[in-house]
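Just so we're aligned, residue 1 is where the sequence shown starts under the UniProt record's numbering, counting upward by one.
Treat the hints with care, as some may be off.
Within a straight-line C-alpha distance of at most 27 angstroms, the following computed DSS-like cross-link-like pairs (lysine-lysine) qualify [claimed, not checked]:
(1) Lys53 <-> Lys8
(2) Lys20 <-> Lys53
(3) Lys53 <-> Lys77
(4) Lys101 <-> Lys77
(5) Lys94 <-> Lys77
(6) Lys77 <-> Lys148
Rather than coming from a laboratory, the hints here were simulated on the basis of the structure.
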Amino acid sequence: MYVGQYCKGLRHGRGLYVFKIGARYDGEWRQGVKYGQGTFWYPDGTRYEGEWKRDTKYGFGVYYYINGDVYEGSWRKNLRHGMGSYSYADTNTKFMGTWIKDRMQGPGQLIHPRHRFHGHWELNLPYGRGCFTFENACMLHGHYVHLKDPDYDETKEVPEEVPETEIAGRKGEGAEDELEDVDAVVAKSEEPQPVPFEPPPLRRGVIAFWRARCITPYNPDLLPPEPVPLQEEVSVDSLLDKCSEESLIVPEQYLRYEGEYEGEGAGYYDDNDYPMPSIGAI
C-alpha cells in the first residue's frame with residue numbers, strides 16, 4: 001500500500017510504501033522510484049537510513065544489521081563504496097577506511113578498545129605493512145601476510161551453479177540455419193557490454209597473519225597513509241525533481257510493479273563477508 005504524493009500517475013515527492021511481505025519505505029520519491037532521503041525497514045528487522053538514487057542506496061547512509069552491527073558511510077548502487085565505518089557489536093571494535101564494491105579495500109584502521117591497527121586491506125583482509133598503536137604510547141611495526149588456513153576444508157564449499165547457455169539455432173533443421181544462428185550469437189557477444197557493478201569474489205581458505213618487526217615510541221609521522229574519499233565521476237541524471245501538476249496525497253492499494261521488492265536486501269548480509277582479521281603472533 002502506498003500513501004503519499006503523486007505526479008502524473010507516478011509516486012513523486014514524499015510517501016510511505018508498505019510491501020506485501022512486510023517491508024516498508026518512508027521517504028522521497030521521484031518519477032516512481034525511491035530517490036532522495038528515505039528509510040527502508042526490512043522484514044528481518046534490519047533497516048537502512050540515508051540517500052537513494054533510482055531505487056538503490058546511493059550516497060551517504062547508515063545500515064543497521066540484525067546482529068547489532070552498523071555500517072555508516074558511502075554507498076553506490078546498493079553496495080558500500082567509498083569512505084565508511086563498520087562497527088562490530090560482539091567485539092566492540094570498528095573498522096574505518098575505504099570500501100570498493102562492498103569490500104574493505106585500501107587504507108584503513110581497525111579500532112579496538114585499548115589499541116588500534118593502521119594499515120591496508122585487500123578483499124576484507126589486512127595485507128602488507130602496518131602498525132599497532134597502544135594508547136599513543138608505543139608502536140608495533142610489521143606486516144600482514146596471507147596464508148592458507150589449515151582448518152579450511154574445500155570439500156565443504158558449495159559450488160556455484162553455472163546456468164546452461166542455449167545457443168539459438170540448435171532447433172534448426174539444417175546446417176545452414178545453425179551456422180547463421182551461431183554467427184548471430186558471435187556478433188552479439190562482440191558488442192560492448194556494460195561492466196556490472198558487483199562485489200569481487202572473496203578469497204576462501206586464506207587468513208591474515210601478523211609478523212612483527214620492531215617497537216618504537218609513538219610517532220604520528222610513522223603512521224601509514226590515512227584513507228581518502230574515492231574520486232567518482234558525477235553522472236547527469238534525467239529524472240526531474242519538479243512536478244508540473246498538483247501533487248495529491250492518495251492511498252494506493254496494490255503493488256505497482258511485480259517483483260519490485262526483489263533485490264532489496266534479500267540475502268544481503270553474509271557472515272563470511274566481514275571476518276575479523278586474525279592478529280596472529282605479535
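Status of the hints after comparison with the structure:
| no. | hint | result |
| --- | --- | --- |
| 1 | Lys53 <-> Lys8 | holds, 20 angstroms |
| 2 | Lys20 <-> Lys53 | holds, 23 angstroms |
| 3 | Lys53 <-> Lys77 | holds, 8 angstroms |
| 4 | Lys101 <-> Lys77 | holds, 9 angstroms |
| 5 | Lys94 <-> Lys77 | holds, 24 angstroms |
| 6 | Lys77 <-> Lys148 | violated, 33 angstroms |
Of the numbered hints stated above, the single one contradicted by the structure is hint 6.
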